[in-house]
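Visitor: Starting from the known structure of chain A, fit chain B onto it as the hints suggest.
Listed below are the residues making up each chain.
Number of protein chains: 2
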Amino acid sequence: MEGAKIVVAVDESEESMYALSWCLTNLFPHDKHSTLVLLYVKPPPPVYSSFDAAGYVFSSDALAALEKYGSEMVNSVMGRAEAIYKNFSTNIKVEKVIGSGDAKDVICSAVEKIRADTLVMGSHGYGFFKRAILGSVSDHCAKNVKCPVVIVKNPRKK
Amino acid sequence: MEGAKIVVAVDESEESMYALSWCLTNLFPHDKHSTLVLLYVKPPPPVYSSFDAAGYVFSSDALAALEKYGSEMVNSVMGRAEAIYKNFSTNIKVEKVIGSGDAKDVICSAVEKIRADTLVMGSHGYGFFKRAILGSVSDHCAKNVKCPVVIVKNPRKK
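Chains as they are written, first to last, in the working numbering: chain A, 14 to 171; chain B, 14 to 171.
Isolated chain A (complex conformation):
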């Protein structure tokens, strides 16, 4: 029997890294052969979002800088995630998925496409880019994905 696919939505937040730790501690006991899927969603290409949201246009230099920033962010987030799961076990099967667009839609559709068994995410993720103007990403995902959803809070806010 193939193991479960557990998606963790990671982003720039401490909370999402804590969600990953929670997931590894609680959903990856040693006798299971689950696959950890790290899902990171890049913000939509800035050329569109700058027109749509803010109503002004970035110079091409600023655009290039933003795109470079986006790629560096992917590496930074995935690097932090890697340090966390390698600290737990070197035996975990890991897949990395990078999406692009509106985080809440991309996460929901990725979960369906991957046929995930569980989605784990922070409660206030994706605040860094202020992408979640209408309600939080975790709210939306909890309502819309069909598999169980684990919403993890930042323990520092306790």
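Nothing false has been slipped in among the hints.
Since the list gives no way to pick one copy over another, a pair counts as held whenever it fits inside one copy or between any two copies.
35 Å max Cα-Cα, derived DSBU-like pairs, lysine-lysine: (1) Lys106 with Lys55; (2) Lys81 with Lys106; (3) Lys18 with Lys81; (4) Lys55 with Lys81; (5) Lys126 with Lys159; (6) Lys156 with Lys55; (7) Lys18 with Lys106; (8) Lys109 with Lys156; (9) Lys81 with Lys109; (10) Lys55 with Lys99; (11) Lys159 with Lys18; (12) Lys126 with Lys81; (13) Lys109 with Lys126; (14) Lys109 with Lys99; (15) Lys109 with Lys55.
Hints are computed from structural coordinates only; laboratory data are not their basis.
Guide: Frame of chain A; chain B shown alone:
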């Protein structure tokens, strides 16, 4: 080290029983000494809710019948839950907590009081009594409790 306290909010719904099964399968591996806390919230006493919500008064016979119905419901829900966890393992430490009042408030305050490590619940629970008029109970709890919250959907709706 004492094990974690995992609260499962159970109610009349199939979904909450499925949430309990998910919890036992995924959060109770054999090497952990967690305590399963079954939390059932009875609706508020009908004499108050009848004045508050519907604006009319039940006869005392109807009140007695409703209260009896409430107690029978506790036994029925706890009985179903018991059958499920005993089917998984006879070694699980189980506590039963019965609350009374507005499900979303009672669940949130019980989770804090018990110092639960995780709350597991169905996504559409407590619909039986239509107690969740303003938003779902799981939405509210996911936003308000400090520990990780697992929201489990009825797999039949897939």
